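Residue numbers (the numbering used here), protein chains in the order written: chain G, 1 to 275; chain S, 1 to 275.
Quick caveat, the hints were computed from the structure, so don't treat them as lab data. Mixed in with the good hints there might be a few duds.
[Claimed, not checked] Derived pair list, reagent style DSBU-like, types lysine-lysine, alpha-carbon separation capped at 30 Å:
no.: 1; chain 1: G; residue 1: K178; chain 2: G; residue 2: K44
no.: 2; chain 1: G; residue 1: K137; chain 2: S; residue 2: K27
no.: 3; chain 1: S; residue 1: K264; chain 2: S; residue 2: K234
no.: 4; chain 1: G; residue 1: K14; chain 2: G; residue 2: K30
no.: 5; chain 1: S; residue 1: K137; chain 2: G; residue 2: K27
no.: 6; chain 1: S; residue 1: K234; chain 2: G; residue 2: K145
no.: 7; chain 1: G; residue 1: K234; chain 2: G; residue 2: K264
no.: 8; chain 1: S; residue 1: K178; chain 2: G; residue 2: K178
no.: 9; chain 1: G; residue 1: K205; chain 2: S; residue 2: K156
no.: 10; chain 1: G; residue 1: K156; chain 2: S; residue 2: K205
no.: 11; chain 1: S; residue 1: K13; chain 2: G; residue 2: K137
no.: 12; chain 1: S; residue 1: K156; chain 2: G; residue 2: K145
no.: 13; chain 1: S; residue 1: K77; chain 2: G; residue 2: K27
no.: 14; chain 1: S; residue 1: K264; chain 2: G; residue 2: K156
no.: 15; chain 1: G; residue 1: K27; chain 2: S; residue 2: K14
no.: 16; chain 1: G; residue 1: K137; chain 2: G; residue 2: K234
no.: 17; chain 1: G; residue 1: K156; chain 2: S; residue 2: K178
no.: 18; chain 1: S; residue 1: K145; chain 2: G; residue 2: K156
no.: 19; chain 1: S; residue 1: K229; chain 2: S; residue 2: K14
no.: 20; chain 1: S; residue 1: K156; chain 2: G; residue 2: K178
no.: 21; chain 1: S; residue 1: K229; chain 2: G; residue 2: K77
no.: 22; chain 1: G; residue 1: K77; chain 2: S; residue 2: K77
no.: 23; chain 1: S; residue 1: K145; chain 2: S; residue 2: K30
no.: 24; chain 1: S; residue 1: K77; chain 2: S; residue 2: K229
no.: 25; chain 1: G; residue 1: K156; chain 2: G; residue 2: K265
Bear in mind the structure is a predicted one, so any value in this text is a computation, not a measurement.
Number of protein chains: 2
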Amino acid sequence: MDRSALIDLIFRKKSFLCIGLDTDLTKIPKHLLVHDDPAFEFNKAIIDATYDLAVAYKPNFAFYECNGTRGWQSLTKTIQYINETYPGQLFSIADAKRGDIGNTSQQYARAMFDPTSSGMAFDAVTVAPYMGEDSVKPFLSYPGKWIIVLALTSNKGAEDFQFFTAGGSRLFEQVLSKSQHWGGNDNMMYVVGATKAEMLAAIRKIIPGHFLLVPGVGAQGGSLAEVAKYGLTKDCGLIVNSSRNIIYASPGVDFAEKAREEAKKMQQEMEALLK
Amino acid sequence: MDRSALIDLIFRKKSFLCIGLDTDLTKIPKHLLVHDDPAFEFNKAIIDATYDLAVAYKPNFAFYECNGTRGWQSLTKTIQYINETYPGQLFSIADAKRGDIGNTSQQYARAMFDPTSSGMAFDAVTVAPYMGEDSVKPFLSYPGKWIIVLALTSNKGAEDFQFFTAGGSRLFEQVLSKSQHWGGNDNMMYVVGATKAEMLAAIRKIIPGHFLLVPGVGAQGGSLAEVAKYGLTKDCGLIVNSSRNIIYASPGVDFAEKAREEAKKMQQEMEALLK
Numbered sequence: 001m002d003r004s005a006l007i008d009l010i011f012r013k014k015s016f017l018c019i020g021l022d023t024d025l026t027k028i029p030k031h032l033l034v035h036d037d038p039a040f041e042f043n044k045a046i047i048d049a050t051y052d053l054a055v056a057y058k059p060n061f062a063f064y065e066c067n068g069t070r071g072w073q074s075l076t077k078t079i080q081y082i083n084e085t086y087p088g089q090l091f092s093i094a095d096a097k098r099g100d101i102g103n104t105s106q107q108y109a110r111a112m113f114d115p116t117s118s119g120m121a122f123d124a125v126t127v128a129p130y131m132g133e134d135s136v137k138p139f140l141s142y143p144g145k146w147i148i149v150l151a152l153t154s155n156k157g158a159e160d161f162q163f164f165t166a167g168g169s170r171l172f173e174q175v176l177s178k179s180q181h182w183g184g185n186d187n188m189m190y191v192v193g194a195t196k197a198e199m200l201a202a203i204r205k206i207i208p209g210h211f212l213l214v215p216g217v218g219a220q221g222g223s224l225a226e227v228a229k230y231g232l233t234k235d236c237g238l239i240v241n242s243s244r245n246i247i248y249a250s251p252g253v254d255f256a257e258k259a260r261e262e263a264k265k266m267q268q269e270m271e272a273l274l275k
Numbered sequence: 001m002d003r004s005a006l007i008d009l010i011f012r013k014k015s016f017l018c019i020g021l022d023t024d025l026t027k028i029p030k031h032l033l034v035h036d037d038p039a040f041e042f043n044k045a046i047i048d049a050t051y052d053l054a055v056a057y058k059p060n061f062a063f064y065e066c067n068g069t070r071g072w073q074s075l076t077k078t079i080q081y082i083n084e085t086y087p088g089q090l091f092s093i094a095d096a097k098r099g100d101i102g103n104t105s106q107q108y109a110r111a112m113f114d115p116t117s118s119g120m121a122f123d124a125v126t127v128a129p130y131m132g133e134d135s136v137k138p139f140l141s142y143p144g145k146w147i148i149v150l151a152l153t154s155n156k157g158a159e160d161f162q163f164f165t166a167g168g169s170r171l172f173e174q175v176l177s178k179s180q181h182w183g184g185n186d187n188m189m190y191v192v193g194a195t196k197a198e199m200l201a202a203i204r205k206i207i208p209g210h211f212l213l214v215p216g217v218g219a220q221g222g223s224l225a226e227v228a229k230y231g232l233t234k235d236c237g238l239i240v241n242s243s244r245n246i247i248y249a250s251p252g253v254d255f256a257e258k259a260r261e262e263a264k265k266m267q268q269e270m271e272a273l274l275k
């Protein structure tokens, strides 16, 4: 999905909500466990109940990989379901935090973007910047696909290295400054945690036009209003993720309905902020 | 596998060779493609032909993920084969470069280390340091398991951020200094590329006792003698990886035999260096 289609989607749905599919078999409603593929059934129900309120879905790969081949199958079925059932209506993010030497990243790019190879066709993948330009470049050779580079993350450990400062510039600012030249604002986004919303003003000075994927609203304590205050652009420029608050809103048979209620609350807050 | 067992293995086999299983269906011998699972058949043949010369095997996850669920199955069968056929004789490394917020890394740790969850039981996993302590800690809660933290990588992009310098200290040195306190030298190793062998002296000043996983010998141009000169310790302290040079030594029916010849050359060079 290209940049203009994404922006259209956001203003049409009046939402910049991404729903994180951190699907944990120990947390999904018990009645789903009778299915052959409970994780997929859960995801399908969540997506069907919220697709008009969210612009993006973000399966978190760890929650599938922990179930081995079976989990990888649930993941594949989920992205196929999104693409087949809601073509052009949803932006999909492979939250996989990949990054390796060039010939290896090439293979990761095939995994995320080439359905003839892996069965999966995500719109975007999250990547780690530590190994530098050649570790993320292979992902950029797919037209219409995106990388989302980790810049400033929402966890406590972000302070360990991301604030390492040289010549008045912090590592996460170096990452933003350097990496923005690897692609354009039509194929690169950045992860900036909502728990660091006060940093968004400084970040917007370096990358005024790029989209930001913002995790950390909700369970991790970040504020949507704060994020919007410093991060919104005329093109919106934000995709804000919520996972646990929405998908685990209820442990009962009404889980999808309750997920919709939570998603609706966020969408309405977003609609007001977009005005 | 604990540290003393690993050291025993190295001195018994007179080798610190790791063979990288970067198994690419477009590069393996054509005659294997008739099998149901050509990647697994290839790995099995390579392992059987070299298990006495190598101390470790390192499947590179990207090369499996690019084939989707089918690839994940080949990967699972490979690690199961290693553990069942050569118990206690081989150290296994999940080359996956994972790292995410704590509750997500917990799931990645289950994927790599807990066979009751994922079907896979690797001894070690490569992790990216960018997200800091809480992103790798969950991997350290498994007794006898290891994390291998990216410090100084073998690719050109290593120069983009890893040499970012503040107060006379480069980012990769910061990573070494800080992270060594997250665990001990009995559950943490570091990735240091062979193409940066001249940095090993500085690195050994910071972490004199940790094992290093050294990629980049062979196809990427690094020298084994240089790596040993600066990196060897009394406990060896090195695991040197070679992938393409060994596994693709021949494209014909003699691929396993030729792989053994290449592995044997490296083992003999290592035996001399260990003296």
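Hint check results:
Among the hinted pairs, K178(G) with K44(G) is inconsistent with the structure: their alpha-carbon atoms are about 39 Å apart, more than 30 Å. Of the pairs offered as hints, the one joining K137(G) and K27(S) holds, with about 22 Å between alpha carbons and a cut-off of 30 Å not exceeded. Taking the CA atoms of K264(S) and K234(S), the gap is near 23 Å; set against the 30 Å cutoff, the hint holds. For the proposed pair K14(G) and K30(G), the alpha carbon gap of about 34 Å is over 30 Å, so the pair is violated.
Simply put, K137(S) and K27(G) have alpha-carbon atoms about 22 Å apart, close enough for the 30 Å limit, and the pair holds. Taking the CA atoms of K234(S) and K145(G), the gap is near 49 Å; set against the 30 Å cutoff, the hint is violated. Distance hint between K234(G) and K264(G) is fulfilled; the C-alpha atoms sit about 23 Å from each other, no more than 30 Å. Between the alpha carbons of K178(S) and K178(G) the distance comes to roughly 25 Å, so the proposed pair stays at or under 30 Å and holds.
For the proposed pair K205(G) and K156(S), the alpha carbon gap of about 28 Å is at most 30 Å, so the pair holds. Proximity of K156(G) to K205(S) is assessed by CA-CA distance (about 28 Å); at most 30 Å being required, the pair is judged to hold. About 39 Å separates the Cα atoms of K13(S) and K137(G), which puts this hinted pair outside 30 Å; it is violated. The suggested pairing of K156(S) with K145(G) holds, with an alpha-carbon distance near 24 Å, which does not exceed 30 Å.
The hinted pair formed by K77(S) and K27(G) meets the criterion: a straight-line CA distance of about 28 Å does not exceed 30 Å. Distance check on the hinted pair: K264(S) and K156(G) sit about 46 Å apart at the alpha-carbon level, beyond 30 Å; violated. Of the supplied pair hints, the one linking K27(G) and K14(S) is violated, its CA atoms being roughly 48 Å apart against a limit of 30 Å. Pair hint K137(G) plus K234(G) holds up; C-alpha atoms about 28 Å apart against a cutoff of 30 Å.
Among the hinted pairs, K156(G) with K178(S) is consistent with the structure: their alpha-carbon atoms are about 15 Å apart, no more than 30 Å. A hinted pair counts as satisfied when its Cα atoms are at most 30 Å apart, and K145(S) with K156(G) qualifies at roughly 24 Å. With a C-alpha separation of about 17 Å, the suggested pair K229(S) and K14(S) falls inside the 30 Å cut-off, and the hint holds. Restraint check for K156(S) and K178(G): the C-alpha separation of about 15 Å stays at or below 30 Å, so the hint holds.
Restraint check for K229(S) and K77(G): not satisfied, since their Cα atoms lie roughly 50 Å apart, outside the 30 Å limit. At most 30 Å may separate the alpha-carbon atoms for a hinted pair to count; K77(G) and K77(S) meet this at roughly 22 Å. For the given pair, K145(S) sits about 36 Å from K30(S) by alpha-carbon distance, which is inconsistent with the 30 Å threshold. A distance of roughly 37 Å separates the Cα atoms of K77(S) and K229(S); the hinted pair therefore is violated under the 30 Å criterion.
About 27 Å separates the Cα atoms of K156(G) and K265(G), which keeps this hinted pair within 30 Å; it holds.
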